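Chemist: Sequence:
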Amino acid sequence: MSESFECVVEFGGSLNTSDFKVVELNSDLFQAINQKDTPVVFKGDTGDNVVMCDADKTFQLRSLETSNTLLLSVQPPQETDARVIQGSITQHYESKRQPPDVHKLKRLLSECYYQSHEDYCHLLNPMGLQVSSSLWDATQAEDSQSSASLSHSRSWDASHSGPRQAKRQKPNLYTKADLRQRVLCSDAELDAALDALNCIVTSHGHVMLPAPDAVTACLDSLLTIAAGGWDLERIAEPQCLAEMQDFHDPALISHVLRSYCRPGAPPAPDGTPVWALDIPKVCRFRARQLFEAAASWREADFMAQWSAIVPDGVAPALDMLRGDVVLEAQGALRR
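Residue numbers (the numbering used here): 84 to 418.
Mixed in with the good hints, there may be bad ones.
What the hints assert, rightly or not - Simulated restraints, written as ranges between beta carbons of each label pair:
| id | residue 1 | residue 2 | range |
| --- | --- | --- | --- |
| 1 | 180 | 405 | 24 to 30 Å |
| 2 | 189 | 101 | 34 to 40 Å |
| 3 | 363 | 324 | 23 to 29 Å |
| 4 | 159 | 122 | 31 to 37 Å |
| 5 | 124 | 363 | 35 to 41 Å |
| 6 | 265 | 286 | 19 to 25 Å |
| 7 | 296 | 177 | 42 to 48 Å |
| 8 | 177 | 156 | 21 to 27 Å |
| 9 | 354 | 259 | 23 to 29 Å |
| 10 | 400 | 180 | 32 to 38 Å |
| 11 | 341 | 373 | 23 to 29 Å |
| 12 | 349 | 113 | 44 to 50 Å |
Unchecked claim - Pairs of lysine-lysine residues, derived as DSSO-like cross-links and limited to a Cα-Cα distance of at most 30 Å, are as follows:
| id | residue 1 | residue 2 |
| --- | --- | --- |
| 13 | 140 | 104 |
| 14 | 259 | 187 |
| 15 | 104 | 187 |
| 16 | 364 | 189 |
| 17 | 259 | 140 |
| 18 | 364 | 259 |
| 19 | 140 | 126 |
| 20 | 187 | 140 |
| 21 | 187 | 126 |
| 22 | 179 | 119 |
| 23 | 179 | 140 |
| 24 | 259 | 126 |
| 25 | 259 | 179 |
| 26 | 364 | 187 |
| 27 | 104 | 119 |
| 28 | 104 | 126 |
| 29 | 259 | 119 |
| 30 | 119 | 140 |
| 31 | 179 | 126 |
| 32 | 259 | 189 |
| 33 | 126 | 189 |
| 34 | 189 | 179 |
| 35 | 179 | 104 |
| 36 | 140 | 189 |
These aren't lab readings, by the way, just hints derived from the structure by calculation.
The structure displayed is predicted, hence computed values, not measured ones.
C-beta: ideal position from N, C-alpha, C; glycine also.
Go ahead and model the full structure; you've got the sequences and the hints to work with.
Modeler: So, in structure tokens, the structure goes:
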């Protein structure tokens, strides 16, 4: 086709500008769409700004006004035939790379924390009966029916002589598939964020963050036991579980080891997981405990208290708290 040409145009009766959206693609998105084997999807909850994602990147979509109105038509069989205008475009969307929305991921996972396996089972089955994990879905469907459906209520409700007191709310638990739908990021970015959070994956596939107070209690126990003579560079996970599982959930213990330790070197010959205490992380943990007790400290008092509660032989330094603590005039510290 030549750069300029003349033709007859006609406007179709079904012309609707809302039927068409034009997106100016980032080069990575353009390549992903052309490859066809790489899925490109739109994501966004109600109230979210919609994003586009390929396998490992996220792109913000921003609406821009076009400098000239674009008319859309189908190529006619002959160039001399009339062209039917099927739509017009006055704005388009620009795609721009953006970081994953980790804040939303944390917010969703914070709706329901993992305390222990027993507590998790109670979330699934608060009545304490032996029912399938789909009970909540069945109950929710039943509650949405008319009052006539009460005659078909479930066996665990039949013994109740009076009317239901209130509708039971399903706890906010999310599988990885749920999070893929709701979090504004690519699948690879979501996996990386979940790995960084050291999330607990339950027997039913729910991804959960451990409760902060449970993590604190578990790490306190680990540090207390380790102070009894353990090699802080060679903490064997089986030994740790054996020592602590009477007091703490095994999933929490494993989370603490992954979060506050690093893999021990060299690895055990038999493949037993071995961990080395991550001293800077432990020192920051102890410092946070002090600031939870008091919002501000004199530097000398803080350093004395801090040194007393970290493992023996560890010398904490204020550089470990860079970005978390402000050193004010006259040697005062505040978080």
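Chemist: Please go over all the hints and tell whether each is borne out by the structure.
Modeler: Structure-based check of all given hints:
Under the hint 24 to 30 Å, the C-beta atoms of residue 180 and residue 405, about 28 Å apart, fit the expected range. A hinted range of 34 to 40 Å for the beta carbons of residue 189 and residue 101 is consistent with their spacing of about 36 Å. Take residue 363 and residue 324: their Cβ atoms lie about 25 Å apart, and the range 23 to 29 Å holds. Between residue 159 and residue 122 the beta carbon distance is about 34 Å. The supplied range of 31 to 37 Å therefore holds.
Taken as a hint, the range 35 to 41 Å holds for the pair residue 124 and residue 363, whose Cβ atoms sit roughly 39 Å apart. The hinted window of 19 to 25 Å between residue 265 and residue 286 holds, with their beta carbons roughly 22 Å apart. The hinted range of 42 to 48 Å is satisfied by residue 296 and residue 177, whose Cβ atoms lie roughly 45 Å apart. Look at residue 177 against residue 156: about 24 Å separates their beta carbons, and that is inside 21 to 27 Å.
Hint check: residue 354 to residue 259, Cβ distance near 27 Å, so the stated range 23 to 29 Å holds. Judged by the Cβ atoms, the range 32 to 38 Å given for residue 400 and residue 180 holds: they are separated by roughly 37 Å. Range check, residue 341 to residue 373: Cβ separation about 24 Å, and the 23 to 29 Å hint holds. Under the hint 44 to 50 Å, the C-beta atoms of residue 349 and residue 113, about 47 Å apart, fit the expected range.
With a C-alpha separation of about 21 Å, the suggested pairing of residue 140 with residue 104 holds against the 30 Å cut-off. For the suggested pair residue 259 and residue 187, the alpha carbons sit about 14 Å apart, so the restraint of at most 30 Å is met. For the hint linking residue 104 to residue 187, the alpha-carbon distance of about 27 Å falls within 30 Å, and the restraint holds. Taking the CA atoms of residue 364 and residue 189, the gap is near 20 Å; set against the 30 Å cutoff, the hint holds.
For the given pair, residue 259 sits about 18 Å from residue 140 by alpha-carbon distance, which is consistent with the 30 Å threshold. Between the alpha carbons of residue 364 and residue 259 the distance comes to roughly 28 Å, so the proposed pair stays at or under 30 Å and holds. Taking the CA atoms of residue 140 and residue 126, the gap is near 12 Å; set against the 30 Å cutoff, the hint holds. Between residue 187 and residue 140, the direct Cα distance comes to roughly 17 Å. Compliance with the 30 Å bound is thereby established for this hinted pair.
As the CA atoms of residue 187 and residue 126 are separated by approximately 13 Å, the hinted pair is consistent with the 30 Å bound. For the hint pairing residue 179 with residue 119, the CA-to-CA distance comes to about 20 Å; that is within 30 Å, so the pair holds. Restraint check: the Cα-Cα separation between residue 179 and residue 140 comes to about 10 Å, which is no more than 30 Å; the hinted pair holds. Under the criterion of a C-alpha separation no larger than 30 Å, the hint pairing residue 259 with residue 126 is consistent with the structure, at around 15 Å.
Under the criterion of a C-alpha separation no larger than 30 Å, the hint pairing residue 259 with residue 179 is consistent with the structure, at around 26 Å. Taken as a hint, the residue 364 and residue 187 pair is honoured in the structure, with Cα atoms around 24 Å apart against an allowance of 30 Å. At roughly 20 Å between alpha-carbon atoms, residue 104 and residue 119 fall within 30 Å of each other, so this suggested pair holds. Note on residue 104 and residue 126: the hinted pairing holds, with a Cα-Cα distance of about 16 Å set against a maximum of 30 Å.
The hinted pair formed by residue 259 and residue 119 meets the criterion: a straight-line CA distance of about 24 Å does not exceed 30 Å. For the proposed pair residue 119 and residue 140, the alpha carbon gap of about 16 Å is at most 30 Å, so the pair holds. Taking the CA atoms of residue 179 and residue 126, the gap is near 15 Å; set against the 30 Å cutoff, the hint holds. At most 30 Å may separate the alpha-carbon atoms for a hinted pair to count; residue 259 and residue 189 meet this at roughly 13 Å.
Distance hint between residue 126 and residue 189 is fulfilled; the C-alpha atoms sit about 17 Å from each other, no more than 30 Å. Taken as a hint, the residue 189 and residue 179 pair is honoured in the structure, with Cα atoms around 24 Å apart against an allowance of 30 Å. Using a Cα cut-off of 30 Å, the hinted pair residue 179 and residue 104 holds, with the two alpha carbons roughly 16 Å apart. At roughly 19 Å between alpha-carbon atoms, residue 140 and residue 189 fall within 30 Å of each other, so this suggested pair holds.
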